[in-house]
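Residue numbers (the UniProt record's numbering), protein chains in the order written: chain C, 1 to 260; chain F, 1 to 260; chain B, 1 to 260; chain Y, 1 to 260.
None of the hints are false.
Repeated chains share a single entry, so a pair holds when one copy, or any two copies, can fit it.
Simulated pairs of lysine-lysine, BS3-like, Cα-Cα distance not exceeding 30 Å:
no. : residue 1 : residue 2
1   : 6         : 138
2   : 257       : 6
3   : 24        : 257
No lab work stands behind these hints: they were computed from the structure.
There are 4 protein chains.
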Amino acid sequence: MADQRKPTTAICAYTSDAIYVRDKSLVDELIGEITFTQMMFFQIMGRMPSPAEVKIVDAVLVTLMEHGITPSAIATRLTLMSAPESLQGAVAAGLLGVGGQFLGTMQGAAELIAEMMAAEDGVPAAAERIARRHRASKTALPGFGHNLHRPDDPRTPKILAVATAAGVQGKHIAALLALGEAVDRVYERHITINATGAIAAVLSEIGIPVEVMRGFAVITRAAGLVGHVKEELENPAARGIWDAATHAVEYSGNALKNHA
Amino acid sequence: MADQRKPTTAICAYTSDAIYVRDKSLVDELIGEITFTQMMFFQIMGRMPSPAEVKIVDAVLVTLMEHGITPSAIATRLTLMSAPESLQGAVAAGLLGVGGQFLGTMQGAAELIAEMMAAEDGVPAAAERIARRHRASKTALPGFGHNLHRPDDPRTPKILAVATAAGVQGKHIAALLALGEAVDRVYERHITINATGAIAAVLSEIGIPVEVMRGFAVITRAAGLVGHVKEELENPAARGIWDAATHAVEYSGNALKNHA
Amino acid sequence: MADQRKPTTAICAYTSDAIYVRDKSLVDELIGEITFTQMMFFQIMGRMPSPAEVKIVDAVLVTLMEHGITPSAIATRLTLMSAPESLQGAVAAGLLGVGGQFLGTMQGAAELIAEMMAAEDGVPAAAERIARRHRASKTALPGFGHNLHRPDDPRTPKILAVATAAGVQGKHIAALLALGEAVDRVYERHITINATGAIAAVLSEIGIPVEVMRGFAVITRAAGLVGHVKEELENPAARGIWDAATHAVEYSGNALKNHA
Amino acid sequence: MADQRKPTTAICAYTSDAIYVRDKSLVDELIGEITFTQMMFFQIMGRMPSPAEVKIVDAVLVTLMEHGITPSAIATRLTLMSAPESLQGAVAAGLLGVGGQFLGTMQGAAELIAEMMAAEDGVPAAAERIARRHRASKTALPGFGHNLHRPDDPRTPKILAVATAAGVQGKHIAALLALGEAVDRVYERHITINATGAIAAVLSEIGIPVEVMRGFAVITRAAGLVGHVKEELENPAARGIWDAATHAVEYSGNALKNHA
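Turn these sequences into a full structure, and let the hints steer you where they fit.
In structure tokens, the structure reads:
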């Protein structure tokens, strides 16, 4: 591999008396000068966000931080009970569930939005095509539907309103709404655009690449799970959750029948 | 376990058309209304932060987000190369290193600060005692020393200055500084108060419990690692890191000597 | 760091046409020639196990592989449901719970056994001292007690019997049993020696260092969790577990009272 | 969800004095009676393996346990250095890399084998088709090629020989070999069948479902990583690896140019 270029990073450099992130001095230009949301955008995207971008990222992070006794929160609480020596392990266990099925659907939704915007025959035709394709193949439509929030996910209009008020161009949002209309028509019933669909649209509006969108959910859910860690330490629920889970799953074998 | 109370949570509740976090409506009162930093504090501490608290938490999060090709960043990048299907797995691998040895030292530092503030014979005597105890037992002093930033960690004075400017009472900071003086005297050389020491003091000033402080590092390092994920996807370094690591570790067995 | 020795490893070396583990040819001497249990012992301890050691390690691994809908199994199943793209993430989430509170107690138990064997005043006196110390400080006695298996953990005598039949010297086992007697006497009631206590003793008999004992639980629980993954894929229980957990935890806030 | 069936499990049940795994008494029929490999197969597949199946699973597990300073081993060692309080976290960090790119390729290889065996026009035609399809689309052929072992992966013939000696029917192995011939012909150069390709074939021979094959790598790599944990505790390499990684990645920003 003699001809291989040395790998490079543009994120961080340091000396004995200074640290630079994206070429800005951490001590002189960042600590105490900018917020977490600005710093996070700067770290990931390599440029400082505009006020509108901050507004949208904050709305996304606030939306996804918490949703009760989710699979992630359960994993974190049970792991903390079992291994109290490692807060980071408990949070990591919960974050491993920020995957394709729930929060990770924003990635699939963003891909659909990108597909519509790139379609030569225009957004409405593409929306119709996508809706028909998913209905025919009976595959889940990422960004659509919710098992708890019916008929409509209450977060969706608020997220879109925040982005609109912040002054985004709105093409991705319009494409998502066009898909929503096509879905209702093609499926012959109303299926809500859920929060991850809305988030896919507003993050697309500000140029967040599809491949890292899930990272925004990971970051803010980390904060949500630290909240569950603190409550679990003060007011433990994990043993009750364990008991309930144990009783929820019935043994289908024969051993206990033979056990006098 | 018939007499067991049902476990409870005060964090989140939802209905089909509303989500409440800490009794506030997510849609009406939080999304678009508050920043990530406010929401994170609210989620974890159960009360809205004051502007001073926001300022301090932002400074802490900005400080700890990024420090180059750290063990965490290496774990995240190598895991992403090996399992590109799971961004959350790559970030979780990195977060598992936010432990006792580096970032987690803020917990130990906060415990020392608490010990000094609770000492009946006053902070200076307790500082002297702590310094002597650690020197005698040759155990690492959490919050002190840094392998890269010598003689002084440049982040420390900035973090403390942000907190002071925000108007905190300053007793925890004063205790930390007293410990710093005692350490220099007892060890007969200057050992810097590092960033985790300073963070332990300023988070103690605003009432963050010792047991969840490490969580602040986990949250912001998650953002840092998403930045490394994005760069790794665009400009991969993992194979170069792997090569370098392989060559850095010499085989001490005999097999290759026999291998013609 | 010019004077630093280059780090070394004695585990593995390879060339383009051969792989050596602990100086044995993987292809010529290991694959097809030895069992997993032999290989695992060889990998970790750097020497081939005796037949007696294989017998004991097998008994330990068989004992700890599975125990129903445990916190680990719950974390794995919920993570798989949420992120089906990553089997390894689901298993890792479960393994993060192999910690200090349950399976990890074998480490604490092994330390107590070592303390008794090193005591100048002999095992019985040390056993009495340990029992009194834990009773006085009201700290949990690692390796003792079980929330499900009362009055006695049925695995304990079998594990000890396997080791005895394999011909171990038995000093660590004797120390554990002495501690069991002291505990019953000091606590004035019978507290069972549990499986992790027995495992601590038999792994100590064959020279497994205390610091890696927990690793044996991690390894075999990985297999247990793969079993749960397979069942979850074929006959999903995660959503039922999630429902049960949600209902098990009551919201103690006020939001829903106000929600008409 | 009133009409939902209660979820069930056939894996484990217990009473206060007994534990049953797959309807067998853990204490009376499993501990001390069977090996880890038998137990693991029993746990996952729900039936005791034949001696031939044990032989094959052992060969697979022995093959995949260890391969030097891999991305997984690096992640485990660095995480242990950073968070020594959690052996399970260090191993979990390494296991998160048992993904699609390296070890996880056995899943893709098994799917290709299944595709050939189901092809109406026979294995040779299907092999040709698969080779052409991958060459045309320039997608990696799972189970083929190796960055270190060239021209041939030395593990492959041994794994296949073990399975053949154990008396498997051999249809999946034959399909894999047919694909190997087609690949050499279509690509006009020799590309080795690697260990994960061979493992996909032999695990398919004994009926291991494609979706859990990766689990076998996770299990045995857990053992490999515990070996790295033990060596790291006794003879640390992590700091040297970290140093090497840091030096391997060049900063491409401008900050240090300005830093006098």
